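Protein sequence lines correspond, in order, to chains Z, C, R, D, S and P. In terms of my numbering, the first sequence opens at residue 1 and continues consecutively. In terms of my numbering, the second sequence opens at residue 1 and continues consecutively. In terms of my numbering, the third sequence opens at residue 1 and continues consecutively. In terms of my numbering, the fourth sequence opens at residue 1 and continues consecutively. In terms of my numbering, the fifth sequence opens at residue 1 and continues consecutively. In terms of my numbering, the sixth sequence opens at residue 1 and continues consecutively.
Everything labelled a hint here was simulated from the structure, so no lab data went into it. There's no promise every hint is true.
With a straight-line cut-off of 20 Å between C-alpha atoms, the simulated PhoX-like cross-links for lysine-lysine are [said to hold, decoys possible]: (1) C:165 <-> P:165; (2) D:165 <-> P:101; (3) P:165 <-> Z:209; (4) R:101 <-> C:209; (5) S:223 <-> D:209; (6) Z:117 <-> Z:165; (7) Z:90 <-> Z:165; (8) Z:165 <-> S:165; (9) Z:209 <-> P:24; (10) R:223 <-> D:117; (11) P:165 <-> S:223; (12) P:101 <-> Z:209; (13) D:152 <-> D:117.
Every value quoted in this text rests on a predicted model; they were computed, and no experiment measured them.
Protein chains: 6
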Amino acid sequence: MKIVIINPNSSEAMTSDIRMNAQKYAAGEYEVEVFATPGAPDFIDSYEDATNAVFGMIPLVRKLEKDTDAFIIACHGDPGIDVLKEISTKPVVGIGEASMKLATMLGHKFSVLTTSKRSIAGKEAVINQYRLTDSMASVRAPENENSMEDEKASYLEAGRLALEKDGAEVLVLGCAGLTGLDESLMEELGVPVLDGVKCALMIATGLVKMHLGISRQGRYYGKETD
Amino acid sequence: MKIVIINPNSSEAMTSDIRMNAQKYAAGEYEVEVFATPGAPDFIDSYEDATNAVFGMIPLVRKLEKDTDAFIIACHGDPGIDVLKEISTKPVVGIGEASMKLATMLGHKFSVLTTSKRSIAGKEAVINQYRLTDSMASVRAPENENSMEDEKASYLEAGRLALEKDGAEVLVLGCAGLTGLDESLMEELGVPVLDGVKCALMIATGLVKMHLGISRQGRYYGKETD
Amino acid sequence: MKIVIINPNSSEAMTSDIRMNAQKYAAGEYEVEVFATPGAPDFIDSYEDATNAVFGMIPLVRKLEKDTDAFIIACHGDPGIDVLKEISTKPVVGIGEASMKLATMLGHKFSVLTTSKRSIAGKEAVINQYRLTDSMASVRAPENENSMEDEKASYLEAGRLALEKDGAEVLVLGCAGLTGLDESLMEELGVPVLDGVKCALMIATGLVKMHLGISRQGRYYGKETD
Amino acid sequence: MKIVIINPNSSEAMTSDIRMNAQKYAAGEYEVEVFATPGAPDFIDSYEDATNAVFGMIPLVRKLEKDTDAFIIACHGDPGIDVLKEISTKPVVGIGEASMKLATMLGHKFSVLTTSKRSIAGKEAVINQYRLTDSMASVRAPENENSMEDEKASYLEAGRLALEKDGAEVLVLGCAGLTGLDESLMEELGVPVLDGVKCALMIATGLVKMHLGISRQGRYYGKETD
Amino acid sequence: MKIVIINPNSSEAMTSDIRMNAQKYAAGEYEVEVFATPGAPDFIDSYEDATNAVFGMIPLVRKLEKDTDAFIIACHGDPGIDVLKEISTKPVVGIGEASMKLATMLGHKFSVLTTSKRSIAGKEAVINQYRLTDSMASVRAPENENSMEDEKASYLEAGRLALEKDGAEVLVLGCAGLTGLDESLMEELGVPVLDGVKCALMIATGLVKMHLGISRQGRYYGKETD
Amino acid sequence: MKIVIINPNSSEAMTSDIRMNAQKYAAGEYEVEVFATPGAPDFIDSYEDATNAVFGMIPLVRKLEKDTDAFIIACHGDPGIDVLKEISTKPVVGIGEASMKLATMLGHKFSVLTTSKRSIAGKEAVINQYRLTDSMASVRAPENENSMEDEKASYLEAGRLALEKDGAEVLVLGCAGLTGLDESLMEELGVPVLDGVKCALMIATGLVKMHLGISRQGRYYGKETD
């Protein structure tokens, strides 16, 4: 089985990180390939970034489709998830959707840890689209975004506040670039912390095993062709 | 004042129809220009079509921005509305958002008349994104899509069913291509029927007069630049 | 075109303020008349005030109906909006409904600035009736209601807290008496601030141009007569 | 203990019916007085009727307040419930609110049986205000409103359809004028059928015994007085 | 009329307290018996406690059913409410359901005062099941659970914070063991404070008088038997 | 890795079916053991059945816990899911929760196929508890429950109606006893059909790999012990 992870941005450093963590999680049980998106911005930080990313993701998915069993979108905002669900004949899983829906199975409410305060509203909009608002405790960014020399400490503090102030019981890493932080946060905070890439790998491989894909019944019907 | 209407598809015929109806509605009180989107598909019938449309819309908006007071997206699914709200310094209004939110002011619940049954779920997804689900009676397509020689009769019947079966009190034309049908349906059915282009012109010109634009506070903050 | 604004209270001072601002906004493009409500209380501060206001508004609307193209209710709680929608054959627009629904088009969530802490729950109840709760960040009153010599500073502070603490991206002036504050708050805070009277004028004139009115299909059917 | 039931309309026939049924239910355990509303319309069939009713109800409540322990509003649309909750120092219970909230304790979803199809949307609006939409199966009127010689048979049929088609498990009589139908419908249909007047008597007497009234904390604070 | 109150735990002290308060409230108008649950834990503090309680409650209800007119579950989490509604042919009322639904009739939003911070999420889950989330201001526990020598002062402070910080207008005692605190909190805080046992007695006796019980139409149909 | 599936009923036939299908799905990649619940009813058809099942499940989980990596509850109503999530130190996955949340990733709305009309409301209540109501198209039982010689044809017809009448895009088998029907329904209807046992195996094994369990932060904190 081969799972292809699309990193919607073009950062080779982040792509490497994702590859390393994903392959470590896969542990050789199935093949995982990770691709940066040609022509995409270096980091997805706006709707424009996301739009530009999707434009590169579509041909990438089309090119890889034949030899791929399922696709994963490795950005927590799940850019392009609707169009990729529509065009691919293979299952498509977003790390945001996978991790947040899984989070609802592990506790009463979840918080998403995101990279900047200005990204909070956009994350909330995604959560609204997935109809998960009632299960969301908060979306939280580190308090001081400018002094993040110690990334782990910053997110640890944000997570602690989510648990203490917002009523979160489960934390979700809100960026593929945070991959790897889940285990250390989990150890310090004593609650489940979800890495979206791992969650998506679980869902994607499961869908392949069950021979399940995206429904063509209506929303993802695609274009009428003759 | 100059309002620019972007027709997200590339059909010159539909662009002409929209131009004619929009300029008739504007009645010379302000300038209205209507542009088809270069490189867009001929009709927006899928998420892929919408994605391709947005790719052409962004440079078009950027190019026209300087001499434009507000932009309108003239496709009822409002493709690209988030990214255009973000990148443009001018107000951006979608005909779907404008017409459906206005519809809630005129009656208890509204129904959207759409062009095909397979588009219903996608429209419902948009209505969910706008948090309008509780005000929606239904999304309805003509029963027999294959024999639509008489377009007006088909939508008249769909509208009648929305009123009688679904509890609709207001109807919304769910496609810019239906422009012009509002008055005849209204006359026959005796309820408000909303044409999204007119609704969006009303909102866009009003925003300009009030010196209001899209908030840069969070969701449409845009990319951090140095 | 003639728009009639009903100020539900009987304060001639507030009526004058509204008239001045409304006519300034109309800029001579259409006629605007503003009436205080005979027999209404001086300020609408309770359900009883609202009830008494409505009693004066009904005959006023009936008397003016023949020569009016659309009515506006100029109190942010929209007293009597259901009954006026029902009895008038002309469009009826509430400044609360118009401004809050417009606010949802300009940002992720809005906050309403209201005149007193004890009015917050009532405003929330109105927001619930309009099914806008999921788009509301908060309803906020100035912290210190007793020392409001500097009205503008008080609302500026309330607005700032709404943006910083509650996640608001758009502000709505929650009282017709605050008319005029929108531009100065907007300038200081850098986010859209909506004046309900202007918003309602936009909607009302637009409905007239589109020949749209309130649906008689069910909720606003009115009394069965023989 | 004395409970005063306000019939918001002026029909002495309906007032008598309500009095008979209420006193039968009270069975001498407490005093029940029933008043028609002076100056109100004969039947509450529109927002205008309701507005006119409330205008007569306020002085009636004020006049009777001193010697009354709790008030009941005996019209299923609960006209004036907010203003009466605000002005009276005694508990105020609406038959709509009491019966529909009680219905949610007896089964999964309830349907309201109403007197005419054109009243359905208005009832749904009330249900939305009470935040009961998710517990509502439907609002149903008799199919053929013109041939209601046999009122019981008409509502029996409407109730049966609510159970079979809409998923209702509990029925609520949606008009004080239907008082007395509950027991026969219950016998025929085998599900709980709620008469709002009885439900409100239960709540009102209970509140009196518990020394509970309406909160003055915010929404029903009333007018600031010196 | 005989109402049986089941205390789901086995504490004779709490059972006595409930009996004393319930009989005082009943004031001899009807018979009230209160039973501890054999084999149940001493306090219901977890899902496991609740499960164990229900196991003792079912035979108790079956044994007492013949001579009982209605049952009350006297634990604010309403353990076993679905199964008891299903198996008993008599009305079954939970103190949580009764008090929280009654609370919505007395003010805009309610807060529940609960015994410990770790019980908050569980209470919220119950409120979600009853579809009351939109009417809930908060669930609050005393700040310092370890120094509760002065129980009343602790809950008074929690109640005050609910009113001031959370927007509550009505308070609900979130544990049968707090019975008796309602009147003193009400006196100090000036808002309605609901004791679930009294609320449930009101509902239960009312249902008996109205000959109403749980619907057998679907959710509480029970097991198919031959 | 060892996954233990608890069949909440005592039917050895159903337990065998589940074992066969689960082991076939596991394909030797991990160990799967399936246990019927001692003392449970033969089929879970009511809240009482579910209560009795849970009573047997708790000691079974406790007994097996030491040598188990994750537990699955193999009844679509997920009986005991809250208490098992609380008491077990290992992940606990319900087939209802797993399949319905997964279904939301594959299409716009899902329908659950259930075994009898009288079970529909109970399933809807579970869906409400999981806050999935807005993603549910319907819960459907075969039309004619008495002539189910051909089980597959009956569910095929129910599934077809869900797609055509209710707007479902994904189907979920609403009973562990239907295991095996997924592939044939999927082939005939051309949409994803989810078998809860497979979905739960996917989630459970994934949680084990990620070292994730149930949060102890609040809702599943468990009993305070000294």
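Hints, verified against the model:
1. At most 20 Å may separate the alpha-carbon atoms for a hinted pair to count; residue 165 of chain C and residue 165 of chain P meet this at roughly 13 Å.
2. As the CA atoms of residue 165 of chain D and residue 101 of chain P are separated by approximately 27 Å, the hinted pair breaks the 20 Å bound.
3. Only pairs whose Cα atoms come within 20 Å are accepted, and residue 165 of chain P paired with residue 209 of chain Z is rejected, the gap being roughly 30 Å.
4. Restraint check for residue 101 of chain R and residue 209 of chain C: satisfied, since their Cα atoms lie roughly 18 Å apart, inside the 20 Å limit.
5. The suggested pairing of residue 223 of chain S with residue 209 of chain D is violated, with an alpha-carbon distance near 39 Å, which exceeds 20 Å.
6. Taken as a hint, the residue 117 of chain Z and residue 165 of chain Z pair is honoured in the structure, with Cα atoms around 17 Å apart against an allowance of 20 Å.
7. A threshold of 20 Å between alpha carbons decides the hint, and for residue 90 of chain Z with residue 165 of chain Z the separation of about 41 Å lies outside it, so the pair is violated.
8. This hinted pair checks out: residue 165 of chain Z and residue 165 of chain S have alpha carbons roughly 13 Å apart, not beyond 20 Å.
9. At roughly 11 Å between alpha-carbon atoms, residue 209 of chain Z and residue 24 of chain P fall within 20 Å of each other, so this suggested pair holds.
10. In summary, the hint linking residue 223 of chain R to residue 117 of chain D is supported, as the alpha carbons are separated by about 13 Å, within the 20 Å threshold.
11. Restraint check for residue 165 of chain P and residue 223 of chain S: the C-alpha separation of about 29 Å exceeds 20 Å, so the hint is violated.
12. For the hint linking residue 101 of chain P to residue 209 of chain Z, the alpha-carbon distance of about 18 Å falls within 20 Å, and the restraint holds.
13. For the given pair, residue 152 of chain D sits about 17 Å from residue 117 of chain D by alpha-carbon distance, which is consistent with the 20 Å threshold.
This entry does not satisfy hints 2, 3, 5, 7 and 11, going by the numbered hints stated previously.
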